[in-house]
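4 protein chains.
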Amino acid sequence: MSQQKTLIAVIGGAEPTPEEARLAEEVGRQLARKGAVVVCGGLGGVMEAACRGASSEGGLTVGILPGGSAANANPFVQVPIVTGIGYARNIAVVNSARVVIAVGGSYGTLSEIAHALQNGIPVIGLNTWSLSRAGREDISIILTEDPARAVSIAMRLALGLAGDE
Amino acid sequence: MSQQKTLIAVIGGAEPTPEEARLAEEVGRQLARKGAVVVCGGLGGVMEAACRGASSEGGLTVGILPGGSAANANPFVQVPIVTGIGYARNIAVVNSARVVIAVGGSYGTLSEIAHALQNGIPVIGLNTWSLSRAGREDISIILTEDPARAVSIAMRLALGLAGDE
Amino acid sequence: MSQQKTLIAVIGGAEPTPEEARLAEEVGRQLARKGAVVVCGGLGGVMEAACRGASSEGGLTVGILPGGSAANANPFVQVPIVTGIGYARNIAVVNSARVVIAVGGSYGTLSEIAHALQNGIPVIGLNTWSLSRAGREDISIILTEDPARAVSIAMRLALGLAGDE
Amino acid sequence: MSQQKTLIAVIGGAEPTPEEARLAEEVGRQLARKGAVVVCGGLGGVMEAACRGASSEGGLTVGILPGGSAANANPFVQVPIVTGIGYARNIAVVNSARVVIAVGGSYGTLSEIAHALQNGIPVIGLNTWSLSRAGREDISIILTEDPARAVSIAMRLALGLAGDE
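Sequence lines, in order, name chains A, B, C and D. For reference, each letter of the first sequence is one residue, going 1 to 165 in our numbering. For reference, each letter of the second sequence is one residue, going 1 to 165 in our numbering. For reference, each letter of the third sequence is one residue, going 1 to 165 in our numbering. For reference, each letter of the fourth sequence is one residue, going 1 to 165 in our numbering.
Next comes chain A alone, as it looks inside the complex (with noise of 0.2 Å):
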């Protein structure tokens, strides 16, 4: 019997507008409520706002760090992972994660959406990416502006619940 936390990866980029680190902080908040471990690339912006919500509730903060030292952790990170891979380790990020909420975001987030959607992991997006590609009609990104919602659907997905809330 596993003792496995649920993880959800918070991600997003290191200069987000207000509106963005408003959003990825009640992402972080409503995620430790919730009981979910909050899993980011460890560094400032949208990372360390979902850090900041979850660690005032209470809730467990993982991040995975690109360079050599933990010293660049955000003050939020409870659990720093120094990878030394750089921009790799983005794919750690998706990868620990049974779902990934994206808040807004650069090419560092498209690359991260594109690593989740290519391991089957559900990608819920607020204010994020739109992708497209002739001939494709399956690109599942759950988009939604409401930060209380994306981590509703992001806890029944990583429970594997059926049904709507």
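In case anyone wonders, no lab produced these hints; they're calculated from the structure. Just so we're clear, the structure is a prediction, and the values are computed from it rather than from any experiment. Don't be surprised by glycine CBs; every beta carbon is placed ideally from N, CA and C. Any given hint might turn out to be false.
Cβ pair distances, simulated, as ranges [stated by the list, open to error]:
{"no.": "1", "chain 1": "A", "residue 1": "Ser130", "chain 2": "B", "residue 2": "Asn72", "range": "33 to 39 Å"}
{"no.": "2", "chain 1": "D", "residue 1": "Leu143", "chain 2": "B", "residue 2": "Arg22", "range": "50 to 56 Å"}
{"no.": "3", "chain 1": "C", "residue 1": "Asn72", "chain 2": "D", "residue 2": "Leu143", "range": "45 to 51 Å"}
{"no.": "4", "chain 1": "C", "residue 1": "Ser2", "chain 2": "B", "residue 2": "Ser69", "range": "21 to 27 Å"}
{"no.": "5", "chain 1": "C", "residue 1": "Arg22", "chain 2": "A", "residue 2": "Pro75", "range": "36 to 42 Å"}
Once you've looked at the hints, dock chains B, C and D against the given chain A.
Frame of chain A, contents of chains B, C and D only:
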């Protein structure tokens, strides 16, 4: 004075359409004629077609492989790089190139496009992804349907030449 | 003010002797009692024994996995980090720790010891490798046969305390 | 029928003694004369000396770089592989080779030797680490002080030839 050769990446899926395979092979052929080294992910499909094209013109081919053995390289890879780091090798493929040419492709290719754009490496697309994000007008995949033209643009960008062709 | 927990790595092989497994489990137990988080490679053998020991004392356990799925984690891993980068994850295991405790182990463990020493992370060894190189007297694996003593030294080093125990 | 070239890794530190640099350059020269491709970590010291030697004989040189730019390659690298994964690139250096030749070196070289032995890749050592572990008699670094002999052994192992030289 550097002895570095000019590396151009050809990226795309392992299961291309016949038309995509034809495009990739022609891209490989043209790159070899211009003296470029083809770098790719080393496996089948678009990667193999590009290597076959380059090899048929006497060009050098480099395959950056995800697994732990050179045995999985396609038969036209001359220099197999055995990373063992899985999909994280996608980042090395694009970072090693001065310009990236994408042919078709699925989520793995999308992640490579994202990593290239993140690192400021120009991307030329043949029948590949379209990206959009609210508020951003600057997303720069150069789209064309002609492999010779793709290579011509790539070589100009790689060599830092100004002006059009 | 950082919220970072104190991570200590326990490294060693997937096929330990019964004595090595006993040592690793006791190391895990002692680390949990001192409030440290056990970080390891997440698989069986020494890694599982350390997690089992820590878990039995209510400690937190982190497994940094080589493959692409959390399903391969040992059952006592609470926070699975799914890197997908193969043996390259060894570097993340040791870099994430303030101190490394090696129990037995083969070449994988040797690579982890080397990476730790390269990054200036102290290594405490129980029944593990000896290293030598002509002209170097400074190779610093702290050897002991007592798991309680290993943990005591590790915690002092991790917390930056001077003096002996 | 594979078009793969024969890659031999030359590993060692960035700050070699003059004698180690001389050995590495001679190893590079001999490898090029035998038609092998030199693969290395792409930076200075032993890596640069090996590339300089190979290049002086018209050989092909591949540098697998830790950082995110080809600009840090030594001037004799012809094919720069830009991994961006830091020290994790050490694993790719040895895995890409049929045989590894170690010249001097510190902990980074030790990690590469460990990874090579873990993957069953033969290691030939010139003035490098000695390893021992209680109960193991099978640790197989082939020691020599003659670079021509090191290359001769390496080529026989790489090409699967039996017998002595």
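**Item:** Indices of hints not satisfied (ascending)
**Value:** 3, 4
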